[in-house]
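**Student:** Listed here are the chains, written in short residue letters.
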Amino acid sequence: MKKKILIIDDNPMILFSVKEGLEGKYDSFIVEKALGGKECFELLHKGIIPDLILLDIMMPDMNGWDVYARLQEDETWKHIPIVFLTAKTDDYSKGFGKLVCKDYIEKPIEIRELAQRIEEVFEKKEG
Amino acid sequence: MKQDVDHSAVKAILNVLRKKIARRTSEDAAAFMLSKFIEELKPKYEFLKYISINQSIYSESDSIWVAPELNQANGKQVFSALNELMEKSVAEMKEKADFYFIREFQVAFENIDEIHRSEIDDAFLDEMQHEYLVRRTHTLSLEKNQLLINVIHSLLSIINTSFSEKKSVELMEQSLLELLPKFPFFHSIDIIKNPETKGYYNVEISESVQKIPTYLFADSINYLMIKIGTKLSFKNPEQFRMMLKQKLGKRNIELLRKLSIPIDNLSIVVSTITKKDIMHRVIDSIIIIIGNRTSHYFAVAVIIKLINDVKKTHILYETIQLQKTNETYSLTFLDGIESSTDEQFRKSIKALIEAVGTHLGAKKKDFIKELKKRLGNEYVSLLEKKGFNFHILEMKFN
Chain R
0 MKKKILIIDD NPMILFSVKE GLEGKYDSFI VEKALGGKEC FELLHKGIIP
50 DLILLDIMMP DMNGWDVYAR LQEDETWKHI PIVFLTAKTD DYSKGFGKLV
100 CKDYIEKPIE IRELAQRIEE VFEKKEG
Chain U
0 MKQDVDHSAV KAILNVLRKK IARRTSEDAA AFMLSKFIEE LKPKYEFLKY
50 ISINQSIYSE SDSIWVAPEL NQANGKQVFS ALNELMEKSV AEMKEKADFY
100 FIREFQVAFE NIDEIHRSEI DDAFLDEMQH EYLVRRTHTL SLEKNQLLIN
150 VIHSLLSIIN TSFSEKKSVE LMEQSLLELL PKFPFFHSID IIKNPETKGY
200 YNVEISESVQ KIPTYLFADS INYLMIKIGT KLSFKNPEQF RMMLKQKLGK
250 RNIELLRKLS IPIDNLSIVV STITKKDIMH RVIDSIIIII GNRTSHYFAV
300 AVIIKLINDV KKTHILYETI QLQKTNETYS LTFLDGIESS TDEQFRKSIK
350 ALIEAVGTHL GAKKKDFIKE LKKRLGNEYV SLLEKKGFNF HILEMKFN
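Read top to bottom, the protein sequences are chains R and U. The first sequence begins at 0 in numbering that gives the first Met the number 0 and counts up one residue at a time. The second sequence begins at 0 in numbering that gives the first Met the number 0 and counts up one residue at a time.
Hints are computed from structural coordinates only; laboratory data are not their basis. Don't take every hint at face value.
Unchecked claim - A short list of chain R residues far from chain U (calculated; beta carbon distances all over 10 Å):
| no. | residue |
| --- | --- |
| 1 | Tyr25 |
| 2 | Arg69 |
| 3 | Glu72 |
| 4 | Ala86 |
| 5 | Glu112 |
What the hints assert, rightly or not - Derived DSSO-like pairs (lysine-lysine); straight-line CA-CA distance at most 27 Å:
| no. | chain 1 | residue 1 | chain 2 | residue 2 |
| --- | --- | --- | --- | --- |
| 6 | R | Lys77 | R | Lys18 |
| 7 | U | Lys372 | R | Lys93 |
| 8 | R | Lys37 | U | Lys323 |
| 9 | R | Lys124 | R | Lys1 |
| 10 | U | Lys226 | U | Lys371 |
| 11 | R | Lys97 | U | Lys310 |
| 12 | U | Lys371 | R | Lys77 |
| 13 | U | Lys364 | R | Lys101 |
| 14 | U | Lys165 | U | Lys310 |
The beta-carbon is built from N, C-alpha and C at its ideal position, and this holds for glycine as well.
Please take these sequences and the hints and turn them into a complete structure.
**Tutor:** Below is the structure:
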């Protein structure tokens, strides 16, 4: 069964390349895109519940930290595994981000490695 | 109090005084001085005619002669005469009668051979020593340096019952620093680690302290004792006062009283900070630190998650409910946190702090430093008093 990935990023190029890369090269993924936090919650409210969220941190309308916090307030969404996919590479962001996420991935990253890291999250969850 | 006089005891005391004067002058000068003072005091104390100082014979046994008739004299009068004799000696010797002269004299009193000591009523001797010291503060200018050193040593020793030696010195230095604007001469106090004796610190104070007006000097000691007493947060201030008096000893207490320092009634501020307050402060501080680098909203979410995690091993967190309400949060404490043991409390807080620092890498040490800063000295001290060791945590994180 295909895993549904929701990527949230304010950069349309990233949304496009991740969707194309994961869906084009791997049969196991379906990728939903959200151009920021607002779109993310619109999708969730529509009942599109992903198996994993790839979350950018630096976004203009709602940053990734706040998106995470809001997700925790909903019993249905709080259990969705979060993977930060971000250009924020300082020790504090990584350190605090890793406290809550399943993985903290620094941009840029190749699709092959991204797919592998996502698979690892699912393996850990299922294992 | 027994007021009987024993002439041999008086002779022993006079011999001690003669020897101490001779060490700083000469045998001749000592004999001359005592002889002269006894002559001067004879009109006031008739019984002094039973005492004679031989100025021509230097042998210790014969230089002072005390007739057994002295035993018939009034004890209080003899005591008073001996005090005046000592007072005159000190005044005559001027700067030669330094602090060590007094110390040697006290030691010599204690070393008077057993036969003579048994003949001297202990209370009489104690009173004489005490009276001598008190009078001395008037005869000579007060030994401010030594008194301040004694007070600092006593306070350090009390702090050390709750903290490590290093931390005790830090707390003392911090207190002195905080009082510096009020008492600038505190900058001349140095607490130096003695390299020869592990864990022992020397307190050194510049001679210039001697010139500080006595009222200001007394004020400074009073403030220092209150500050330390308050920082140590004794539940019962009387406990601190008792410990302090015990460490200071009778002589220093008398000197402090003479300076009108209310040693029996120090205005120690009792800490009303509870375990609930400390836990609240720790959680608030962590939220601020995380929030400043991410978002406040995220920080609260993180703390809720971490508390849920550590709750599995530290049941104390069962008593804490953290709820997000819009952009802020509220902490509710159920019964139980105040009755937890210090060990439970300390371990629970340590677990939470360690959990926050888990992935901080090179920033772990900075995180602890910032946390201490956010908590503030008072809360850090209270935590350390409960056995929490920030230093070890920093080392562990390093």
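**Student:** Does each hint fit the structure? Answer for all of them.
**Tutor:** Right, here's what the structure says about each hint:
1. Every Cβ of chain U is farther than 10 Å from the Cβ of Tyr25 (chain R); the closest lies at roughly 29 Å, confirming the non-interface assignment.
2. For Arg69 (chain R), the requirement that its beta carbon stay farther than 10 Å from each beta carbon of chain U is not met, with the minimum near 7 Å.
3. Distance to chain U contradicts Glu72 (chain R) as a non-interface residue, since its nearest Cβ pair spans about 7 Å, not more than 10 Å.
4. Consistency note on Ala86 (chain R): stated as away from chain U, and its beta-carbon is indeed over 10 Å from all of that chain's, at 15 Å minimum.
5. Non-interface call for Glu112 (chain R) relative to chain U: holds, since the shortest CB-CB distance, roughly 20 Å, exceeds 10 Å.
6. The straight-line distance between the Cα atoms of Lys77 (chain R) and Lys18 (chain R) is roughly 24 Å, inside the 27 Å bound, and the hint therefore holds.
7. Between Lys372 (chain U) and Lys93 (chain R), the direct Cα distance comes to roughly 23 Å. Compliance with the 27 Å bound is thereby established for this hinted pair.
8. Of the pairs offered as hints, the one joining Lys37 (chain R) and Lys323 (chain U) holds, with about 20 Å between alpha carbons and a cut-off of 27 Å not exceeded.
9. Only pairs whose Cα atoms come within 27 Å are accepted, and Lys124 (chain R) paired with Lys1 (chain R) is accepted, the gap being roughly 15 Å.
10. Between Lys226 (chain U) and Lys371 (chain U) the alpha-carbon distance is near 20 Å, which keeps this suggested pair within the 27 Å criterion.
11. For the hint pairing Lys97 (chain R) with Lys310 (chain U), the CA-to-CA distance comes to about 19 Å; that is within 27 Å, so the pair holds.
12. Pair hint Lys371 (chain U) plus Lys77 (chain R) does not hold up; C-alpha atoms about 32 Å apart against a cutoff of 27 Å.
13. Distance check on the hinted pair: Lys364 (chain U) and Lys101 (chain R) sit about 24 Å apart at the alpha-carbon level, within 27 Å; holds.
14. For the given pair, Lys165 (chain U) sits about 33 Å from Lys310 (chain U) by alpha-carbon distance, which is inconsistent with the 27 Å threshold.
When held up to the earlier numbered hints, the structure conflicts with 2, 3, 12 and 14 and fits the remainder.
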